[in-house]
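Heads up: the sequence shown begins at 335 in our numbering, then just goes up one per residue.
One should not assume that every hint holds.
[What the hints assert, rightly or not] Below, simulated DSS-like cross-link-like pairs (lysine-lysine); rule was C-alpha separation at most 25 Å, straight line: (1) Lys447 <-> Lys403; (2) Lys368 <-> Lys403; (3) Lys453 <-> Lys410; (4) Lys453 <-> Lys421; (5) Lys374 <-> Lys484; (6) Lys368 <-> Lys477; (7) Lys467 <-> Lys413; (8) Lys467 <-> Lys453; (9) Lys403 <-> Lys461; (10) Lys410 <-> Lys421; (11) Lys484 <-> Lys460; (12) Lys374 <-> Lys421; (13) Lys484 <-> Lys461; (14) Lys484 <-> Lys421; (15) Lys470 <-> Lys403; (16) Lys461 <-> Lys410; (17) Lys453 <-> Lys477; (18) Lys426 <-> Lys374; (19) Lys413 <-> Lys460; (20) Lys413 <-> Lys461; (21) Lys426 <-> Lys368; (22) Lys374 <-> Lys467; (23) Lys447 <-> Lys467; (24) Lys470 <-> Lys458; (25) Lys447 <-> Lys460; (26) Lys404 <-> Lys458; (27) Lys426 <-> Lys484.
Since the hints were made in silico from the structure, they are not lab data. Predicted model, so just to flag it, every value in this text is computed and none were measured.
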Amino acid sequence: MNKIFIITFALLLVLSPLGMNAQEEGKPDKLFDKESFLVKRSVFITAELSLTPEEAVAFMPLCEELQQKKYEAGMKCRKLSREMKSKKMRSKSEPTDAEYTQVIDECLSVSMKEAMLEKEYYEKFKKILPPAKLYKYRNAEHKFAREFMKSSRGKE
335 MNKIFIITFA LLLVLSPLGM NAQEEGKPDK LFDKESFLVK RSVFITAELS LTPEEAVAFM
395 PLCEELQQKK YEAGMKCRKL SREMKSKKMR SKSEPTDAEY TQVIDECLSV SMKEAMLEKE
455 YYEKFKKILP PAKLYKYRNA EHKFAREFMK SSRGKE
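Please work from the sequences and hints to get the whole structure.
Here it is as C-alpha cells:
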C-alpha cells in the first residue's frame, strides 16, 4: 500500500506542472483538461492494478500510447458523426442512406482498428505484467471511464 502512495505521489509531482501550465496560459475555462485526465487515469490504473514502481514505469507509457493511437483511429468516425448531426440540426432533414452508410462503415472500421491495436499492445503488456494484472487492466479502464464521466456530470 505504501508503494502505491509513493507512485501516486511521484506521478502527481511529475505531471502536475503540466496542468498548471495549461491554466497559466489562459485556459482556466477549458472544458477538458487532458493533462489532468491523464494524471488521474495513471494514478487510478496504478492503484487498481497494484503496480510496482517498476511495472508502472514500463506499463503506463505503453498504456498512454495505446490510448492515443485508439483516439487517433477514431477521429474520422467522430468527425463524420458530428458533421451528420450538425447537418441534421441545420437543415432539419434526415441524412441520406449513403451518408449513414459512410458513417457506419467508418465507425466499424475504427472498431476493427482498435481491436487490432489492443491485440498488438496486449502482446507488449504480457512482457511487463502478469496475467492477473492484465485481466484487471481492462476492468480498470472501464471503471475509470465510468467514474470520470460520473464526476464530470456533477461539475455541470
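Hints and how they fare:
no. : hint              : result
1   : Lys447 <-> Lys403 : holds, 10 Å
2   : Lys368 <-> Lys403 : holds, 15 Å
3   : Lys453 <-> Lys410 : holds, 22 Å
4   : Lys453 <-> Lys421 : violated, 36 Å
5   : Lys374 <-> Lys484 : holds, 14 Å
6   : Lys368 <-> Lys477 : holds, 18 Å
7   : Lys467 <-> Lys413 : violated, 35 Å
8   : Lys467 <-> Lys453 : holds, 16 Å
9   : Lys403 <-> Lys461 : holds, 20 Å
10  : Lys410 <-> Lys421 : holds, 16 Å
11  : Lys484 <-> Lys460 : violated, 31 Å
12  : Lys374 <-> Lys421 : violated, 36 Å
13  : Lys484 <-> Lys461 : violated, 33 Å
14  : Lys484 <-> Lys421 : violated, 29 Å
15  : Lys470 <-> Lys403 : holds, 21 Å
16  : Lys461 <-> Lys410 : violated, 32 Å
17  : Lys453 <-> Lys477 : holds, 20 Å
18  : Lys426 <-> Lys374 : violated, 40 Å
19  : Lys413 <-> Lys460 : violated, 34 Å
20  : Lys413 <-> Lys461 : violated, 35 Å
21  : Lys426 <-> Lys368 : violated, 34 Å
22  : Lys374 <-> Lys467 : holds, 19 Å
23  : Lys447 <-> Lys467 : holds, 24 Å
24  : Lys470 <-> Lys458 : holds, 16 Å
25  : Lys447 <-> Lys460 : holds, 20 Å
26  : Lys404 <-> Lys458 : holds, 16 Å
27  : Lys426 <-> Lys484 : violated, 32 Å
Comparing the model with each numbered hint stated earlier shows that hints 4, 7, 11, 12, 13, 14, 16, 18, 19, 20, 21 and 27 do not hold.
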